[in-house]
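Chemist: Residue numbers (our numbering), protein chains in the order written: chain A, 1324 to 1793; chain B, 1324 to 1793.
Intra- or inter-copy, both count: the list cannot distinguish identical chains.
Heads up, simulated DSSO-like pairs for lysine-lysine below, C-alpha to C-alpha not over 27 Å straight-line:
#	residue 1	residue 2
1	1499	1396
2	1345	1590
3	1357	1788
4	1761	1788
5	1499	1417
6	1786	1345
7	1786	1761
8	1417	1396
9	1759	1787
10	1787	1590
11	1345	1788
12	1590	1786
13	1759	1345
14	1761	1787
15	1775	1345
16	1590	1788
In short, the hints are calculated from the structure, not lab data.
Next come the chains, spelled out residue by residue.
There are 2 protein chains.
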Amino acid sequence: MNSETVRFDFNNMLEHTLGRGKGLRVADIDGVRKRAHAIHGAIQEMRRAGTTPFYNVLFEEGELTQILEVADKIRQRWENLVVLGVGGSALGAKALHQALNHPLHNWLPAEEREGVRLFVADNIDAETFGNLLEYLEPSRTLFNVISRSGETAETLAQFLIVREHLSRALGPGRHKEHFLLTTDTEAGPLRRIAETEGYASLSLPGGVVGRYSVFSAVGLLPAAASGVDVRSLLAGARAMGDRCAVPEVWENPAYINGALHYLSQRKRGKGICVIMPYSDLLMGVAEWFCQLWAESLGKGRDLRGGRVQGAQCPVRALGITDQHSQLQLYVDGPDDKVIDFIRVERFSRPIAIPRSYQGSEDLAYLGGHGLSELLLAEGHATEAALTSNGRMNSTILLDRITPHTIGQLLFMFEIQTVFAAGLYRVNPFDQPGVEKGKRLTYGIMGRRGYEKERREIMLWQRKKKRRFIL
Amino acid sequence: MNSETVRFDFNNMLEHTLGRGKGLRVADIDGVRKRAHAIHGAIQEMRRAGTTPFYNVLFEEGELTQILEVADKIRQRWENLVVLGVGGSALGAKALHQALNHPLHNWLPAEEREGVRLFVADNIDAETFGNLLEYLEPSRTLFNVISRSGETAETLAQFLIVREHLSRALGPGRHKEHFLLTTDTEAGPLRRIAETEGYASLSLPGGVVGRYSVFSAVGLLPAAASGVDVRSLLAGARAMGDRCAVPEVWENPAYINGALHYLSQRKRGKGICVIMPYSDLLMGVAEWFCQLWAESLGKGRDLRGGRVQGAQCPVRALGITDQHSQLQLYVDGPDDKVIDFIRVERFSRPIAIPRSYQGSEDLAYLGGHGLSELLLAEGHATEAALTSNGRMNSTILLDRITPHTIGQLLFMFEIQTVFAAGLYRVNPFDQPGVEKGKRLTYGIMGRRGYEKERREIMLWQRKKKRRFIL
Chain A
1324 MNSETVRFDF NNMLEHTLGR GKGLRVADID GVRKRAHAIH GAIQEMRRAG TTPFYNVLFE
1384 EGELTQILEV ADKIRQRWEN LVVLGVGGSA LGAKALHQAL NHPLHNWLPA EEREGVRLFV
1444 ADNIDAETFG NLLEYLEPSR TLFNVISRSG ETAETLAQFL IVREHLSRAL GPGRHKEHFL
1504 LTTDTEAGPL RRIAETEGYA SLSLPGGVVG RYSVFSAVGL LPAAASGVDV RSLLAGARAM
1564 GDRCAVPEVW ENPAYINGAL HYLSQRKRGK GICVIMPYSD LLMGVAEWFC QLWAESLGKG
1624 RDLRGGRVQG AQCPVRALGI TDQHSQLQLY VDGPDDKVID FIRVERFSRP IAIPRSYQGS
1684 EDLAYLGGHG LSELLLAEGH ATEAALTSNG RMNSTILLDR ITPHTIGQLL FMFEIQTVFA
1744 AGLYRVNPFD QPGVEKGKRL TYGIMGRRGY EKERREIMLW QRKKKRRFIL
Chain B
1324 MNSETVRFDF NNMLEHTLGR GKGLRVADID GVRKRAHAIH GAIQEMRRAG TTPFYNVLFE
1384 EGELTQILEV ADKIRQRWEN LVVLGVGGSA LGAKALHQAL NHPLHNWLPA EEREGVRLFV
1444 ADNIDAETFG NLLEYLEPSR TLFNVISRSG ETAETLAQFL IVREHLSRAL GPGRHKEHFL
1504 LTTDTEAGPL RRIAETEGYA SLSLPGGVVG RYSVFSAVGL LPAAASGVDV RSLLAGARAM
1564 GDRCAVPEVW ENPAYINGAL HYLSQRKRGK GICVIMPYSD LLMGVAEWFC QLWAESLGKG
1624 RDLRGGRVQG AQCPVRALGI TDQHSQLQLY VDGPDDKVID FIRVERFSRP IAIPRSYQGS
1684 EDLAYLGGHG LSELLLAEGH ATEAALTSNG RMNSTILLDR ITPHTIGQLL FMFEIQTVFA
1744 AGLYRVNPFD QPGVEKGKRL TYGIMGRRGY EKERREIMLW QRKKKRRFIL
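Here chain A stands alone, though its shape is the one from the complex (with noise of 0.2 Å):
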């Protein structure tokens, strides 16, 4: 294990450091452990099976050399890239580009910039896409449109916005080049737009659902074009699969994580799972597990169509930044969260605390520290506090923040979620919930068969009293 291996430290979450009744007890792991070989043993089937192609992505050279070759030319040619897309098609890029690139990059002079300005337009918020589209000198800007079913409304309705405003710009026919569409092989709009006018596309394979996508075309493209190693990413991803290769709970860092979230809402309670780094880079990260999480999990019924109760939501905080807003709420609230700590061991920047002020006391302490000093000693001091209060939390550490460790921090949430869906027995592939929105939206914009759907909003809206309205 050398010292860019994530690791992953869950004392916290037990009895023997928490207290009895407040932790999970090494009996209550050891009785997921059957359970957990035969779900390792349904997951290797799924990956012969192809129904799990997010894991062989990783492997995919001929795929990542296409990637890569794009984003050279992308590089080489354009200043700024879009991506038009939202939950899976926007968060993996988000991620990885606060993650991994300097925490200005878009406001860099060019010669400083390793790769292009990369802005991820994943709202249709008519004050920040209007705004965003006014100030991109349209010459220089190429918009990477992604949508795995080629159907999502918003993400259409940017394309067709941006289509007919570069062409007022440029002028007609010539926003063409400006465009990459990042969709399915096959089927789909964008697909078929992409094959009878020639736009330049990139496809994604088969059955990659869009929240287990960073690792293809969708999270590598934006990434490798605004100057991220991608190939170190994908190093650090297989790097973690390696590891959690492994069928015994004890021994797998992802099958671990997943099993004591599961066990901790169903044996203590907890139906709130708080991801806190201690690094502002990372919170790209937390938000792309949120979405990874609860979308995976948040089902209302089991593989065979039992009602179940579904995961803990997913919550996001920052390290030191929230300890200023939730962290009372942690610490004395109701006892039904468990934290999930990620501490960053080492930052790039040295920044020293100068010895002003030595004869105050109020002051003097500070002298000397390092400021990640600081950060850390807070990050420590939250986790005792915590446990001191009988409040159960682990923490995944990073030595550095590298390509390396974003790849294997990535992957571990990835099987960690796979994982706990079989213990949940949900299906953490599909997201049927959001399906009778779709349905209504089409309803209330007119869209011919979804008559019904627009008399239902009609229906809700008169069952609506005066009264209750302030």
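Dock chain B against the given chain A, drawing on the hints supplied.
Modeler: Just chain B now, kept in the frame of chain A:
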């Protein structure tokens, strides 16, 4: 009630829309009417006694005049304003900046901005803080150090670092004019430094707790300096104050919202409240609310020292973005949440979706609508999808985002929180749960008098077993 009046629609919190046993009954709300009258009386009593000064800062014309004068000078002299502060010293300024300035404010050419560029440094991550200092031209940058107690370790560390950074960049002694200290009128190290060394400073009225300080110099100075119309903001807050001056819970938007949250937890077991604006610009407001709510109500002891369970865990989500991330969990997962939508009815930028591809059914329905229409349609569809599945939700309606509506919204949340504290019987103005973590941090950092805490930290570390670290 004019079009600028913020409205609150709570139909979908009640049984009559959700179905029997799924929402609150009218009788549930009637059941807290008497207590609401008593809490109202207690709040009025506290206002008279001066223990809730956040109510009164709205009316202090003298303070406001001073803040506006300082802000004017800042706008004339400086290009960048950096807030050094965290929690209540940061979140108000961030919320106002995001809601009311241009989404790309900091990156626009100077002539297109109405005020200084605003940066809020509310973490001590060496990567982000170090890079920010490197990026900003020292000679054009003012640092507003904000800490009510003047003792916040992270803010003091930032202050010491910036002080030396400026001395080095500008020559010894030249740093002083680059600081504005906002702190207590009399106590604490920052006040002492301001007085003895002659730093410019603003005073906080005694007793204004950080998370209730957005309408004091803490929130108003950065807002005014960056171009926000704070007079209109305060007028909005006062207008909401007038509407919330009635003791009757059925007529008071802040009280009914506080009561609905309390009752949804106590009567229907909802341990989570999700605040979900359909507007990018309001995510800062959501974040600000999460602190206000969590730190005010996340208490383990009531006013008499008895054990209590504390309030709901606040979570922020963004429409439409989180429809593609969290909505599956909200619709289908555990029924332990209430969703608080914030809907904006009108956007200042009309963006039309072009009528391209009218022959393709999967694209044609979008054409001819506005982008904001699609956003609103998705908001209504999400509301209906949740409601039809029996999930409790309510909606705060803003006609537009203006200083006046934002003033109303923020002040409504403040009153709602103080009122809810009355129902929970907890003190909304303290945060005893974070004290232990602060003392443990002092211990690790070697502050004199905290040797016991240092030993405690080592004890927790020693309790850890190697086999529970992978």
